[in-house]
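**Q** For chain A, the structure is supplied; the task is to place chains B, C and D with the ligands on it using the hints.
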Amino acid sequence: MSGHHDHSHGHGDHGHDLPFWRKYIFSVDHKVIGCQYTFTALLFLFFGFTLMMIMRWQLAYPGQPIPFIGKYLSDDIAADGVLVGDGYNAFGAMHGTIMVFLAIVPLGVGGFGNYILPLQIGAPDMAFPKLNMASYWVYFCGGVTMIASFFIKGGAAASGWTSYPPLSVFASSGQTMWLWGMVLLITSSLLGSVNFIVTTVQMRVKGLSFFRLPFFVWAQLVTSFLLLLAFPPLEAAGVLQLMDRLAGTSFFMPSGLVYATEPQNQLAGGGSPLLWQHLFWFLAHPEVYVLILPAMGIVSEIIATNTRKPLWGYKSLVYSAIFLGFMSFIVWAHHMFMTGMGTTLSTFFQATTMIISVPSVIILTCLILSLYGASIRFNVPMLFALAFLPMFAIGGLTGLPLGLTASDIHLHDTYYVIGHFHYVVAPGTIFAIFAGIYYWFPKVTGRKMSEFLGKLHFWPSFLFINAVFMPMFFQGMAGLLRRQYDQTEQLHGAVAHGLTKMSSYGAWLLAIAQLPFIINFFYSMFAGKKVGANPWESTTLEWAAPSPPPHGNFDKTPVVYCGPYEYSVPGKSKDYCPQHVAQEA
Amino acid sequence: MSTTVIPHDLEPHPLTGMYNGKFGIWLFLASEVMLFGALFSTYVLLRVGAPPGQWPAHGSEILNVPLATLNTAVLIGSSVTMVMSWAALKMKKLGAARVWLTVTFLCAGAFLVVKYFEYTDKFSHYQVWLNEPIKVGEHEVTTIKGHLTADCPKLEVSEKNGAYSVTEHVMITPDAEPGGHAHGEAVKIEASKVKRISNFGPRHSPYLATYFTMTGLHGLHIVGGMVVILYFILTGGSIWKRSQEKYTNRIECTGLYWHFVDLVWIFLFPVLYLL
Amino acid sequence: MNLLLASTQYGSWTPPLYSDHGGSIDKLVDVIHVFMFVIFIPWAIFFGYCLLNFRARPGHKASYLPIKAKVSKYAEVAVAVFEAFLLLGMSMPVWAEYKNNPPASDQRLDIRVVSQQFQWNFHYAGPDGKFGPTNIKLVSASNPIGLVEDDAAAADDIVRVNECHLPVDKPIYMRLTSMDVIHSFDFPTMRVKQDAIPGMEIPIWFRVDKSATTDAIRPQMKMTVPMAKAEWYKIRHHVAAVDHKVKDEVVLAKGADLGVDLKKGNELLDQLRKKGLAELTLEPRNPLEIVCAQLCGNSHFKMKAQVMTHTEDEFKKWVAESSKKQKLETDF
Amino acid sequence: MSHHEMSVADVKKHVRVYIGVFALLLVLTGVTVGVSYLHLSIGAAVGVALLVASIKGTMVACYFMHLISEKAMLFWILALCGFFFLVLLLVPVITVHDSVGVH
Ligand code: HEA
Ligand code: HEA
Ligand code: CUA
Ligand SMILES: [Cu+2]
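The listed protein sequences derive, respectively, from chains A, B, C and D.
By the numbering used here, the letter at position 565 of the first sequence is numbered 565, and the numbering carries on one by one without gaps.
By the numbering used here, the letter at position 256 of the second sequence is numbered 256, and the numbering carries on one by one without gaps.
By the numbering used here, the letter at position 317 of the third sequence is numbered 317, and the numbering carries on one by one without gaps.
By the numbering used here, the letter at position 15 of the fourth sequence is numbered 15, and the numbering carries on one by one without gaps.
Same shape as in the complex, but just chain A:
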């Protein structure tokens, strides 16, 4: 997944006449762009993790200087080595923002989507290559803006990734940078989603009907619609908050505010803080399915390949994904149960929230039933893909108590929530992404990643990531609140502090567990075992192209003759029938 995939042997690349910067920097080739996304996003993932490791120190050892790096941090963030309240909040807000908008989505959609989707539908490229390049660079600028905000006076945004006003409107100018950054990131996603939908609908090769699409493509398609229709309201909200901050309007500022004993007379008032929450969550709930759907897509591909048998209930998978996408637009206020919501609305949103869990149950059920009667190959991609299932199950199930107002009274804004969603995004989505990297690495580089280092990456990661997040459920139950700079300041936090240490150590060990991956990643790029076009003996179209695929992807445009997962078809010589191979009757 690196920008250098065909250095080793750029065979058949029509792009050879192009200068380096056109080929690898400002390239319009979906594969290069996919790699750029993946690489940038991995760095952000790493950065977001680093922020959190520093925070976890403050949580485990409140008020004690951060070892090694503490002294290098600016005073806005750490006073003589000790993280300060604002620094902690800034790190927290930026961890959330970076992980969601700069790491996971760009990996799942920008990276995997860009690289794999056109290949899986047999297209030579995206429908709008230039637009594709634009969306990467807009994303890049958004990232730079976010990072830059750490270095301005007052530090980065510190009002949580949710940026609730009035707090965020009173906040220092880091918040303004955050808003500009978000506007860029949203724009990038919009351009991307248009590109994905058009490509998928219009550029499928002959024979590739909708119900012959790999589930990964379906997941990407639904995701793109979520991005297309859910993101604009947040863009609007961002503009409104910018107006409040820069033009002194009061969209989110009610009348009669007193800030630090100063009556805010210069404000017109008459605004509504809840308006922001509605517009934010109208995006942010669909967003969480944007985080999970591509992961589900990746996992399905890998499970199908390594069980050597068709996915169980392909159609119900597809319908569930579509239904999930649709429902995700009408559950958002389950994040707002504690804002004084009456019974009518809360009933509606509880109901939709319970309903939306059903398609997830179906998807997971399909995936695990696919294991029955299989012949499972436990290679590294499969290990990560299999681990995804129980992790998502735990994360998903713990969503239910949050979805019921009564239990949410006790659990809202506690570490139980943090535990819930990290189980879906960290050991869930991140593992799916690792799985995807191990699985498609050969396609991208023509080389396989080391199995040994891979297993050395998987097992410790699996152990430690659970050590990080499992304790959070118990802490949440004990009432420990999230976004606490010093958890021991409150009685019930203090008594639960033992578990805090446990998950901090888990996080640091988890980081060490990533070393084999990083080594493997770069080592295999140049010295990994060379492989052919279809090392996993898989059926979908991307394996019909050479590894790495030349510019334009396919030597000759394939035609599709069968469904995506024709494994172990009785009476066939090989245990897999590629989609592009005509079946002798």
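The hints are simulated quantities; they were obtained by calculation from the structure and are not laboratory data.
Don't take every hint at face value.
Said to hold, decoys possible - Distance condition first, Cα-Cα at most 20 Å in a straight line; then the derived SDA-like pairs of lysine to any residue:
no.: 1; chain 1: B; residue 1: Lys195; chain 2: A; residue 2: Glu262
no.: 2; chain 1: D; residue 1: Lys12; chain 2: B; residue 2: Lys122
no.: 3; chain 1: C; residue 1: Lys170; chain 2: C; residue 2: Glu314
no.: 4; chain 1: C; residue 1: Lys210; chain 2: C; residue 2: Leu17
no.: 5; chain 1: A; residue 1: Lys501; chain 2: A; residue 2: Pro516
no.: 6; chain 1: A; residue 1: Lys206; chain 2: B; residue 2: Asp9
no.: 7; chain 1: B; residue 1: Lys122; chain 2: B; residue 2: Val48
no.: 8; chain 1: C; residue 1: Lys302; chain 2: A; residue 2: Tyr259
no.: 9; chain 1: C; residue 1: Lys73; chain 2: A; residue 2: Tyr259
no.: 10; chain 1: B; residue 1: Lys145; chain 2: B; residue 2: Val187
no.: 11; chain 1: A; residue 1: Lys529; chain 2: A; residue 2: Leu453
no.: 12; chain 1: C; residue 1: Lys27; chain 2: A; residue 2: Phe474
Note that the coordinates shown come from a computational prediction; the quantities given were computed from them, not determined experimentally.
**A** Leaving out everything else, chains B, C and D with the ligands in the frame of chain A:
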């Protein structure tokens, strides 16, 4: 790079009946609907939640309806000229098409000029809210609308959010009564008496905040459209020579976008000016 | 878990409960978690079975045909049905109770809660039962809610900062609001949580258990920590529950405070270890806390109020004498 | 009918339609402005204004943007979009009314 040919770049796809570009622009417009949808939602929420009297009963109390009506006509006109240029291309008349495009461009320009006058008028018009009532002419008032006199000392502007505050005093000539007798003479108000002062810019009230944000965003869309149109007026010839169909399609897509901008205004106009 | 959570009445699940509506919340929490296990365990067993039984090995081939899994259908339907039950049968009744029928105004105690960065202001009407008016122009450090002190109704009002006095066994009706940013009123031991939003006034109501006076529950929250595991962070909110003796020399007197800052606290612990004390028997200095559950700025984590629960007449006494002295002493 | 293959005659027909629509739009604009000065009750005023605006909008979409001659696919996408638009428009307002708090 040119070696890759993108399917359905020109010829429509049987399923959608559209070539890529056209399908793409429609999807983009769908997202635009959600963008303005959020803003309309804001408008409704703030207005419904507002205490009586906070919002004007009719936009004309603050805004200039005749100008806006003119603008509506202009924009609708520009929409027609836009399709006309597309129709001309369909009849293979590049020259005519370019003329229509130019007219469209000019209409858009006119629209912006009118908006400019509307805006500037608001920014030079002030309102003062007072801590306790004072006497102006015959009756007591708690707030005064009007223009600052030339000799009025400069207002202090906060660098955080640009809010105004009075240094020692303000000199303001109140507007004529709705009843209509001439401007009263300037009133002098001590800083201590002033609770709040603002021009009729965005910060004045939720109503004007919504007005400026929505029309402002719409204005940006106009500017964007103008840039694209200008680009196609200028490059028209060369693209047309390369591929007549490509150029026609480009204009069709631009048109779709342009009509949408028009469509948004058709809703903005009554909502902001007439209700 | 109990070990890690320190052996205390806080236990290893939900915190102790002292309100009467809280029971139904805890019940729901428990039922859901049982339900989650009922789903997850069989699911996990099946998962493990597949991994073992269907691993690739010489001579083993995958079957093209899917299993005819009726069970999955049933499982999914069962899940859906049970979710419906949780929603209609358990969650909504509680929520309706929690939101829809407030206690009658003549038999409840009204308290205005005005939150601000980073403190909770509690406004009591005083003996006359009338709240004095407030005006934001008057807001100052010494008059945090801008009470119009020279108003007749305000004369006997009581305003307390980060200090909340409640009668037990009497419906309490609080009206929450905020002066600056969004805060969230979180009273974990009563299972009460509600955002306090500027520009809105949101009512909540609950009743403290008859037996839950502060003095009664402090001893119940006693915990014993072996010196080996004693760590300032865990005991900073505690005082000695008994006289600690090392061969009948008192090394730590009952009521001695361990919450002095990190440095002093650790020194104290070291001394005790040196003296050879085996374990500490502690109780919370103040067992009931109201905290802030919504990020509201850099000291959000510090925003908390101490709660004193009294018997009805103790409370009356407190009101009587507190309402006499006008000036409130702010204690931080 | 896709605009792909269109005879000059078809185009001429189109043009006539455009002119007609243009005229109608101008008239309707006049109508809304006029009505708004009659000072109807809030409800009525909003009703009329939105009705007229919707008619105008539909005109533009159908004729200038040729929506009437597009394939079903597009309708479904726009319908979806329209549905979410309504949700976004209504739900926040409902919260104002279904809130246990007072604003
Ligand atoms: C990828 C991300 C992701 C996913 C998939 C989900 C999925 C779900 N989430 Fe989560 N959620 C978040 C990310 C996610 N969430 C985030 C980031 C937040 C916090 C935001 C913030 O405040 O900062 C959050 C917060 C959050 C809240 C608000 C909590 C609060 O603040 O008080 C709620 C409340 O309803 C909720 C509910 C749910 C539900 C019901 C699901 C459901 O979709 C889950 C459905 C899945 C299952 C039900 C499990 C799968 C099924 C099985 C186990 C198989 C069983 C087998 C058989 C039955 C055969 N989530
Ligand atoms: C997709 C979203 C996502 C992801 C993946 C994560 C991942 C992690 N998160 Fe995060 N988190 C959030 C989204 C996410 N988080 C959000 C939205 C919040 C709320 C913020 C707020 O309150 O506003 C939050 C808050 C949050 C908190 C609560 C803070 C507080 O409330 O005070 C904590 C506490 O421990 C935490 C921890 C972690 C940890 C330990 C991980 C780990 O799982 C991370 C593991 C990462 C890896 C294992 C990747 C390692 C990187 C590589 C291997 C790359 C290699 C590089 C190259 C090859 C170049 N997170
Ligand atoms: Cu107040 Cu957090
Ligand atoms: Cu959600």
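**Q** It remains to establish, for every hint, whether it holds in the given structure.
**A** Evaluation of the provided hints:
1. A C-alpha spacing of about 13 Å is found between Lys195 (chain B) and Glu262 (chain A), which places the hinted pair at or below 20 Å, so the restraint holds.
2. The suggested pairing of Lys12 (chain D) with Lys122 (chain B) is violated, with an alpha-carbon distance near 45 Å, which exceeds 20 Å.
3. About 13 Å separates the Cα atoms of Lys170 (chain C) and Glu314 (chain C), which keeps this hinted pair within 20 Å; it holds.
4. Proposed proximity of Lys210 (chain C) and Leu17 (chain C) is supported: the alpha carbons are some 12 Å apart, at most 20 Å.
5. Taken as a hint, the Lys501 (chain A) and Pro516 (chain A) pair is broken in the structure, with Cα atoms around 25 Å apart against an allowance of 20 Å.
6. As the CA atoms of Lys206 (chain A) and Asp9 (chain B) are separated by approximately 16 Å, the hinted pair is consistent with the 20 Å bound.
7. With a CA separation close to 25 Å, the supplied pair Lys122 (chain B) and Val48 (chain B) exceeds the 20 Å bound.
8. Of the pairs offered as hints, the one joining Lys302 (chain C) and Tyr259 (chain A) holds, with about 18 Å between alpha carbons and a cut-off of 20 Å not exceeded.
9. Between Lys73 (chain C) and Tyr259 (chain A) the alpha-carbon distance is near 56 Å, which puts this suggested pair outside the 20 Å criterion.
10. A C-alpha spacing of about 11 Å is found between Lys145 (chain B) and Val187 (chain B), which places the hinted pair at or below 20 Å, so the restraint holds.
11. Between the alpha carbons of Lys529 (chain A) and Leu453 (chain A) the distance comes to roughly 13 Å, so the proposed pair stays at or under 20 Å and holds.
12. Of the pairs offered as hints, the one joining Lys27 (chain C) and Phe474 (chain A) holds, with about 17 Å between alpha carbons and a cut-off of 20 Å not exceeded.
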